[in-house]
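Asks: Chain by chain, the residues run as shown.
2 protein chains.
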Amino acid sequence: MPSLPNSVDSALRQRAARVVPGGMWGHLHAARLPEGYPQFFARGEGCRLWDVDGNEYVDLMCSWGPIVLGHRHPRVEEAVRRQAAEGSCMNGPGAVMVELAEKLVATIAHADWAMFQKNGGDATTTAVTIARAGTGRRKILAARGSYHGSMPWCSPSLVGVTAEDRAHIQHFDYNDVASLEAAVDATKGDLAGIIVAAFRHDLGRDQELPSPEFARRVRQLCDAADAALILDDVRAGFRLHPAGSWEPLGVRPDLSCWSKAIANGHPLAAVTGNDRFREAASTIFVTGSFWCEASAMAAALATLEAMEEEGAIARMTAMGQRLRDGLAALAAENGIVLRQTGPVQMPMVLFADDPDFAKGERFCAAALRAGAFFHPRHNMFLSAAHREADIDRALEAAAVGFAAVRRTG
Amino acid sequence: MPSLPNSVDSALRQRAARVVPGGMWGHLHAARLPEGYPQFFARGEGCRLWDVDGNEYVDLMCSWGPIVLGHRHPRVEEAVRRQAAEGSCMNGPGAVMVELAEKLVATIAHADWAMFQKNGGDATTTAVTIARAGTGRRKILAARGSYHGSMPWCSPSLVGVTAEDRAHIQHFDYNDVASLEAAVDATKGDLAGIIVAAFRHDLGRDQELPSPEFARRVRQLCDAADAALILDDVRAGFRLHPAGSWEPLGVRPDLSCWSKAIANGHPLAAVTGNDRFREAASTIFVTGSFWCEASAMAAALATLEAMEEEGAIARMTAMGQRLRDGLAALAAENGIVLRQTGPVQMPMVLFADDPDFAKGERFCAAALRAGAFFHPRHNMFLSAAHREADIDRALEAAAVGFAAVRRTG
Chain A
1491 MPSLPNSVDS
1501 ALRQRAARVV
1511 PGGMWGHLHA
1521 ARLPEGYPQF
1531 FARGEGCRLW
1541 DVDGNEYVDL
1551 MCSWGPIVLG
1561 HRHPRVEEAV
1571 RRQAAEGSCM
1581 NGPGAVMVEL
1591 AEKLVATIAH
1601 ADWAMFQKNG
1611 GDATTTAVTI
1621 ARAGTGRRKI
1631 LAARGSYHGS
1641 MPWCSPSLVG
1651 VTAEDRAHIQ
1661 HFDYNDVASL
1671 EAAVDATKGD
1681 LAGIIVAAFR
1691 HDLGRDQELP
1701 SPEFARRVRQ
1711 LCDAADAALI
1721 LDDVRAGFRL
1731 HPAGSWEPLG
1741 VRPDLSCWSK
1751 AIANGHPLAA
1761 VTGNDRFREA
1771 ASTIFVTGSF
1781 WCEASAMAAA
1791 LATLEAMEEE
1801 GAIARMTAMG
1811 QRLRDGLAAL
1821 AAENGIVLRQ
1831 TGPVQMPMVL
1841 FADDPDFAKG
1851 ERFCAAALRA
1861 GAFFHPRHNM
1871 FLSAAHREAD
1881 IDRALEAAAV
1891 GFAAVRRTG
Chain B
1491 MPSLPNSVDS
1501 ALRQRAARVV
1511 PGGMWGHLHA
1521 ARLPEGYPQF
1531 FARGEGCRLW
1541 DVDGNEYVDL
1551 MCSWGPIVLG
1561 HRHPRVEEAV
1571 RRQAAEGSCM
1581 NGPGAVMVEL
1591 AEKLVATIAH
1601 ADWAMFQKNG
1611 GDATTTAVTI
1621 ARAGTGRRKI
1631 LAARGSYHGS
1641 MPWCSPSLVG
1651 VTAEDRAHIQ
1661 HFDYNDVASL
1671 EAAVDATKGD
1681 LAGIIVAAFR
1691 HDLGRDQELP
1701 SPEFARRVRQ
1711 LCDAADAALI
1721 LDDVRAGFRL
1731 HPAGSWEPLG
1741 VRPDLSCWSK
1751 AIANGHPLAA
1761 VTGNDRFREA
1771 ASTIFVTGSF
1781 WCEASAMAAA
1791 LATLEAMEEE
1801 GAIARMTAMG
1811 QRLRDGLAAL
1821 AAENGIVLRQ
1831 TGPVQMPMVL
1841 FADDPDFAKG
1851 ERFCAAALRA
1861 GAFFHPRHNM
1871 FLSAAHREAD
1881 IDRALEAAAV
1891 GFAAVRRTG
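Those protein sequence lines, which keep their order, are chains A and B. At position 97 of the first sequence (counting the first as 1) the number is 1587 in our numbering, and the numbers step up by one without a gap. At position 307 of the second sequence (counting the first as 1) the number is 1797 in our numbering, and the numbers step up by one without a gap.
Pulled out of the complex, with its shape left as it was, chain A reads as follows:
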C-alpha cells in the first residue's frame, strides 16, 4: 500500500519534503487526493499505471488529460524516437512544424493557421494577447470559476498575485446569457475577447455542456463588438470532436487553445486562429526556448493520425458510456445516489449529499486499493487504450468503493 510508512512512495515523500517546498506543487500534489494515493509513479502502459511500489491501477485520470491514446503508445513513441535520432531542439523548427500546422488547419474547422507553445497556459495567454493586439482593446471576459491556467491573470489562487494582474479580466456565469450580456455591457466598448471553456468542467461541481443558446450568444456578442471568441479547448480538445469541441454546436471561435491531449503526453500546446486574427498573431512577440522542439511536434502529428485511424473518440465514448452505466448500476444496487455529468469521455462522478466530498474520498480511497485510479472532485479522462475488460476491472474496484461508502454512510 502506498501509504504504508515503509513504502518507496513514503521514503520519496520524505526526501521530497526536504528539497521541494511542501513536498510537491500544483494539481499533481497527492495532498489534494484522499489518503493512500501515491505521489510518485514508475510506469505506464496503455490504460494501466504503476506507482513506485509496484501497485497497478486502471488509470482513469490519464495524467489529467494528456494521455489520450494510452501511455507509451507505440506509434507516438516511435515518431519521437525517429525525430530525436535526427535532432529536436535546433536553431529553428524542423519540417514537422509545417506538417503539423497543416494537419491542424485541415482538421480544425475554424483554423486558418496555428502557432505552437509548451503549456496550455502559454496558449491561453497567447490567445488573449492576440485578441488585444487585433482589437486594440483590453477587456477579456471569462466565466467565474473556469480554469484557464495558473498564470497571475487567471490563476485560481490569489497568493502572490496583484489586483492589476487581472485588472482587465471580467466575469460572467457559464451558460448564463443574461450575465454574459451584462458583462459585455460593463466593458463599455473595451471588449477584446471572450474566453470560454469547451464546456463547464470546474473543480468539484457538476459538469455542464454549453447550451446552444449560450454558445450562439457568445458568438453574436463577439461579432457585434468585433471582439475575439477564444475557445479554451486545452482540457477537452481532441476528446469530443476532431474539428473542435464547439463544432457540433455550429459555433466557430476566432481563436482556440490546445494542449494536454495534443501529443499524447509529450509537451506541446497550440493556438489556432482564423484569418481575421492572422495579422494580429504575426505582430505579437511570444516565444520559448523549447517551443519549436521537433520531437513533441512529431509526437503530435503521430497522435492526431493514430486517433483518426483508431477511431479514438468513438472508442473513448463507448468506454466512457460503459463506465457511466456500470457506475450507475452499482450505485443503485448499493442505494447510493450519484451525479454523473458532462461528456462520458471526461467523467465527473459526484455523490449526492456530499458537500465535503467525504463520500467521494471514501469511494476513491477504497477503489484505489482495489486497483482503479478515480478522482473525487476533478473530472476524469478516458483514453483510446481503455477496453471493455479494463472498464470492467475499474467497475470491480468501484464496487469495493461503493461498499465502503455504504458501510460508513
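Please keep in mind that the hints were generated in silico from the structure rather than gathered at the bench. Each hint should be verified, as a subset may be incorrect.
[Claimed, not checked] Listed next, with one range per pair, are the computed distances between beta-carbon atoms:
(1) GLU1795(B) <-> ARG1695(A): 43 to 49 angstroms
(2) GLU1525(A) <-> GLU1769(B): 22 to 28 angstroms
(3) ARG1508(B) <-> GLU1546(A): 43 to 49 angstroms
(4) GLU1546(A) <-> GLY1679(B): 53 to 59 angstroms
(5) ARG1695(A) <-> SER1669(B): 37 to 43 angstroms
(6) LEU1648(A) <-> SER1669(B): 53 to 59 angstroms
(7) GLY1861(A) <-> GLU1795(B): 33 to 39 angstroms
(8) LEU1648(A) <-> ALA1819(B): 57 to 63 angstroms
(9) GLU1546(A) <-> GLN1710(B): 28 to 34 angstroms
(10) GLU1799(B) <-> ALA1818(A): 56 to 62 angstroms
(11) ARG1522(B) <-> LEU1648(A): 54 to 60 angstroms
(12) GLY1679(B) <-> GLY1544(A): 51 to 57 angstroms
(13) ALA1819(B) <-> ARG1571(A): 41 to 47 angstroms
(14) ALA1714(A) <-> GLY1526(B): 45 to 51 angstroms
Because the structure is a prediction, the values reported are computed rather than measured. Note that CB positions come from ideal geometry on N, CA and C, so glycine has one too.
Got chain A sorted already, so can you dock chain B onto it with the hints?
Replies: Here is chain B on its own, set in the frame of chain A:
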C-alpha cells in the same frame, strides 16, 4: 544555398506562410537573421547542425542556449530513452524528480529547494509570484532592456500588452548603483523583489559582467527591504559556474531561475530558492500539464552529471577563448575593429562603427555560406562538444566573413 528559390527551405517557408502567421514567430524567426539563413533544420550532432537542404554548419548558437553538451548527447539521449520506456507524463512525478531536486540543491550554492516548470518564463513568473507571496508586497525591479521572457509582464514588445500587466514592474540600469538605489526608493516600501540577469546580455549591445559593487548593492538593498533577490540564470546558467552565475562574486540570490541548458535541449525549467522563501513557495499555485514529465528530468540529471564528468564549463571556456582570440587576430589582419564582450562561453561579436549592424550581417551571411552559424546581434553559445578543429573550422568561415566586410566596407 538555403536562399535559392528552389530550396527545400524556401518550399517549406512558402507552406509555412499559409498556416503560420508571418511564417514563424519569436526569436527563431529567420527574418531576424541576415538573408540566406535557413528557417528549417533537419539534424544536429555534437556542435554541427544541418539545415533541410543538407548544408552543414559549425553551430555557434546551440539552439539559443539549450544545447550545452552538443546536439544529441549520447548519455542524455540514453537517459531519456530509458525513462520514456517506463513512463514520462503520469499521474504524478517519477522518482527522478526527487533525485534532480536533490542534485540542484547539492550543486547550487544558495538552493535549499527546487520546483520545476517548462519555460524560462515559467521560472521567472513563478519566482516573481513567490517573491510577492513571501513579502506581501508588489513591486518588482528589473533592469531596463533585460530579457526575462515573453509574458505580458516582461515581453520586449508592448503589442497586445496592457499597462496594468506591468503596473508593478519598475526599472533601473544594469550595473548602475545610483539608478538601482533610486528605483528602490521609488517603490516606497512596496518592494517584493529585484530580478536581475546573471550578466548584461541585451540584444545588440556589448555584454557587461556585473560589477562586484553592483551585485553586492543589489543584495544589500534586498536585505534592507526584506525583499527577494531573484537571479535570472535562464540564459547563462550552467555555462559560467555550476553553483550559480553570481557565486564567484560571493553574492547569493534568494531565488534563481533556470532553463535553457538544464537538460541539453529537453524542455525543462526550474526555480531554486533558499529557506527564507520555502514557505511562500509552498503557498502559491503554479502548475502545468507537463511540468512533471519524467523524461525531461532524467535528461537534466544526465546533463548535470555529464557536465561535471566532462569538465564542460572548462571546455567551453577554453574553446570560447580560442574563438575570441582567433576572431580578434582575423579582424586585425583585415583592418577591422571588433568588440568582443562578456564571458567567452557566450560570445558577443559586434563591429565598430556599425550602428545598423550592416557589417555584422554581411560578416554572418558570408560566414554562414562558408559553414559557420554566427549571429550578428544576439550573444552566441559554446557547447562542450566544440573541439579545437571545430573552432578552427568556424574561424575559416569567419575569415570569409571578414573578407566580405572588407570588400564592401
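Asks: Please go over all the hints and tell whether each is borne out by the structure.
Replies: Now for the hints, and whether the structure bears them out:
| no. | hint | verdict |
| --- | --- | --- |
| 1 | GLU1795(B) <-> ARG1695(A): 43 to 49 angstroms | holds (46 angstroms) |
| 2 | GLU1525(A) <-> GLU1769(B): 22 to 28 angstroms | holds (24 angstroms) |
| 3 | ARG1508(B) <-> GLU1546(A): 43 to 49 angstroms | holds (47 angstroms) |
| 4 | GLU1546(A) <-> GLY1679(B): 53 to 59 angstroms | holds (56 angstroms) |
| 5 | ARG1695(A) <-> SER1669(B): 37 to 43 angstroms | violated (51 angstroms) |
| 6 | LEU1648(A) <-> SER1669(B): 53 to 59 angstroms | violated (32 angstroms) |
| 7 | GLY1861(A) <-> GLU1795(B): 33 to 39 angstroms | holds (37 angstroms) |
| 8 | LEU1648(A) <-> ALA1819(B): 57 to 63 angstroms | holds (58 angstroms) |
| 9 | GLU1546(A) <-> GLN1710(B): 28 to 34 angstroms | violated (56 angstroms) |
| 10 | GLU1799(B) <-> ALA1818(A): 56 to 62 angstroms | holds (58 angstroms) |
| 11 | ARG1522(B) <-> LEU1648(A): 54 to 60 angstroms | violated (38 angstroms) |
| 12 | GLY1679(B) <-> GLY1544(A): 51 to 57 angstroms | holds (55 angstroms) |
| 13 | ALA1819(B) <-> ARG1571(A): 41 to 47 angstroms | holds (44 angstroms) |
| 14 | ALA1714(A) <-> GLY1526(B): 45 to 51 angstroms | holds (48 angstroms) |
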